[in-house]
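Chains A and B, in that order, are what the protein sequence lines are. Per my numbering, residue 1 is the first one in the first sequence, and the count goes up by one each step. Per my numbering, residue 1 is the first one in the second sequence, and the count goes up by one each step.
It is possible that some hints are incorrect.
[To be verified] No farther apart than 30 Å at their CA atoms in a straight line, the calculated lysine-lysine pairs in the DSSO-like style are these:
hint, chain 1, residue 1, chain 2, residue 2
1, A, Lys259, A, Lys18
2, B, Lys164, B, Lys26
3, B, Lys272, B, Lys344
4, B, Lys88, B, Lys152
5, A, Lys194, B, Lys140
6, B, Lys185, B, Lys157
7, A, Lys442, A, Lys280
8, A, Lys194, A, Lys227
9, B, Lys140, A, Lys340
10, A, Lys104, B, Lys26
11, A, Lys107, B, Lys344
12, A, Lys227, A, Lys104
13, B, Lys26, B, Lys157
14, A, Lys10, A, Lys340
15, A, Lys340, B, Lys164
Derived from the structure by calculation, the hints contain no laboratory data.
So you can see what is in the structure, the chains are spelled out below.
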Amino acid sequence: MSQSEMSRAKRHLETTRKMKEMLPRFFMRQMERRFSGTEPLAWCMVGVPPELLKAFDLLFEWPENFGTMCASRLVAPHFIEVAEGDGYSQELCSYVTNTMGYCKLTKDSGEPPQESPLPGGMGTPSMLLGSGFICEPRWKWFQSIATRFFDVPVYSSDPLAPPWDIDPHDPRIENHYLTLLREDLAGQIEFLEKHTGKKLDTDLLRETLALSHEALGYWRDTLALRKAVPCPMGSTDYFHSIIPQMYLVGDREAVDFYKEMYDEVKDRVDRGIGIAEEEKYRLIWFGLPPWFNMGIFNYLESLGAVVAYESTYNVGDYFEVDLSDPLEALVRRTWQRAVKMHDYGAETMPELCNPAVFGGFSGSSVLEELVEDYSLSGALMHLTRSCRAVSFGEVHTKNRLAGLGVPSLIFESDMADPRLWSDAQIKTRLHAFLETMDKAAKGGNNND
Amino acid sequence: MTDRLNAANRSTKQAEESENRIRRIKAESGKPVIGYLCCFAPPEIISASGALPFRITGRPGEDNSAADAYVEPYGCTYVRNILARAVKGELDFLDGLVISHSCDMVQRLYGIWTYYHPLPYSYMFNVPHQVSPWGQDFFKRELAFFWESLEKFTGGKITAESLKETTAVFNRNRSLVRELYDIRKEAIPPVEGSEILDLLIEGGSLPPEYFTTLLEEKLAVIKKRPRGTVRAPRLMVWGSIMDDPSLLRMIEEAGGRVVADDTCIGFRVWEKDVPVTEDPLDGFTEHYFVNFQCPRTDRGPGTGRFDYLLQRAREYNADGIIGYCISFCDPHKFDYPDLRDYLKAAGLPMLLIDDNYSFEPAGSIKTRLQAFIEMIGAG
């Protein structure tokens, strides 16, 4: 890998370009509060409901998102190497090792490292809110941070979901899992009340959930617009526009953002504006993106290959949730997602409540639906060496897609560690794959 | 391809004998064999259902390419090996499969295995990650569902009484294994660690009543052995699943003596009895969830989670620790830096061996072991 091989993404939408002004405003507001030094700061994992954090008016930061920022600024290798020097294996999640390096440098020097993408970095946490929502490293990540670097309280939630061959519609099974989800949420709230010194404001939570629901409704509708040919929105806009879901969901600003995005994409559909000059290939993307080289999507677009759907960070279908009891609404939201994915047949990642992760699509009818609805002609699967949670099962999905006549390319790299990126090799493989798709379209062999 | 230096260390014979034996037992008894991985779903319940529990083991270093059509190369090599064995038909004596959600990789093995090669019976035993009160309640309810599913499959009735009986047989074995381990506390134990692991691989996989005899025979032999006079550096092995004694043999060849361990197949499985409780599910919850020391379970921050290890190292008078991590074994790899520092603070040196479930290249591993053992010996 050389830095010259990495290219920043070109965004196609005005709305996502505007994020460059919107997000700094948000971060400034957060930083003013953080630098006041009187408020607790929680480091959180994806899976912790941001609505809950808003209801506690709690300052928060997302180390996973920090990992993506470090990756895109190419400072992640520095932090990761520090962690490796401390004994963390290169095989471990690079979001985690990025954080571990950051924490070590912070602890050793008494202040956040200057290379941090944000002024003041992620700050110093006063509590850690984890979630076993997606993968196993999450259980060890915050445990180790609190053991080695910051002696702060940790709460990790444990939202289990039924395996693929267990019927979630059986009332006894439903009760088995809902009981766990309710008690786990109660534990999380008890922890937050203790460490923030505040009681949960359920009215504020209800209000926040309503706004969050509204924003995500626009987001889902926007994604559905990508069924149009030519595709009006690509992956560079997609992956960047997940950030407001982490920081701003529950704010009116997020509703406005996603509504504006919907209007813009709808307008492009109405006017037949695509993102590639000539749209030749419509692809689905599986796995995490290479955050250090998001320009790869623009490169594909230059070859006429457009990604119309991404499995990762996809918030999934819209659910009606009764907000009269906002805590039960949070539980039901988690459960409904799990059931939905179960009904699709999520046999490789049965514990996942999160439809964002591709494994939920494995062996399921959702693949057939996506291929048809989004007029997909091929699949790109990013095999991330340090994140098996998301990539383990890609071979299986490739097998399933082959059965549908859709060719796939699995290529290897990582989400945050650019040392694993081989530009020439990957581009050669992408080229060869597109040629394979041409042959498949002409009735040739469709397997890479 | 197996490294020539290492080939002699393998215990394929023991593992094969165990599988041949379960085939014979199955043929003679007419009972179904239910294979299991990891130690969260109690084999006592499988036994009580009238089926034969069998712990599935891998074949380190063997060709895993049969798994390539189903899973990625970036994944636990142990899991890939087990899947390759299933694909090749080497596990065709199984009538059922029980996999616990121990780690992510094992859990995903369940989905892929049962999708491509369905068995007459399969159950994924879901396990919370935290030993919170609600996590324990969930585990207990999960045990009840597991119980029901086995009754449905075998047609047999499992009762509290039958569970007490099977638990007593398993506990008898646990007590015998502890007796064996106690002998290793001696200044110059008359048994090597590899010999013990061979026994656990061969017998520990089998239904418990067949293991009891093996253990009793081995104990009688070992107790009678004359004691040696040369003290070797005493080591404890910690880490990923170890279903082959190659590493232990290498340690022994390098001049060390393995006196204790904290691995699966090893002492983790046998260290405590299942408590006999009025409701048998309470005893299983305590044993297989609350007390079972696999780092996949979150026991909160701080180094207190390693206290049991230090206590064991002292009990067995270990001079150092050898860590063993299989590629992509996240739970152990995450714990390594914390554990290394914790042990160092307690005055115990640690050497980590990273392996892709092949114990190769043996020459390089041996060189590192020799240097470490010499260092301990000199200290």
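Item checked: Structure versus earlier hints, numbers of those that do not hold, lowest first -> As far as the earlier hints go, 6, 8, 10, 12, 14, 15 are violated by this structure, in ascending order.
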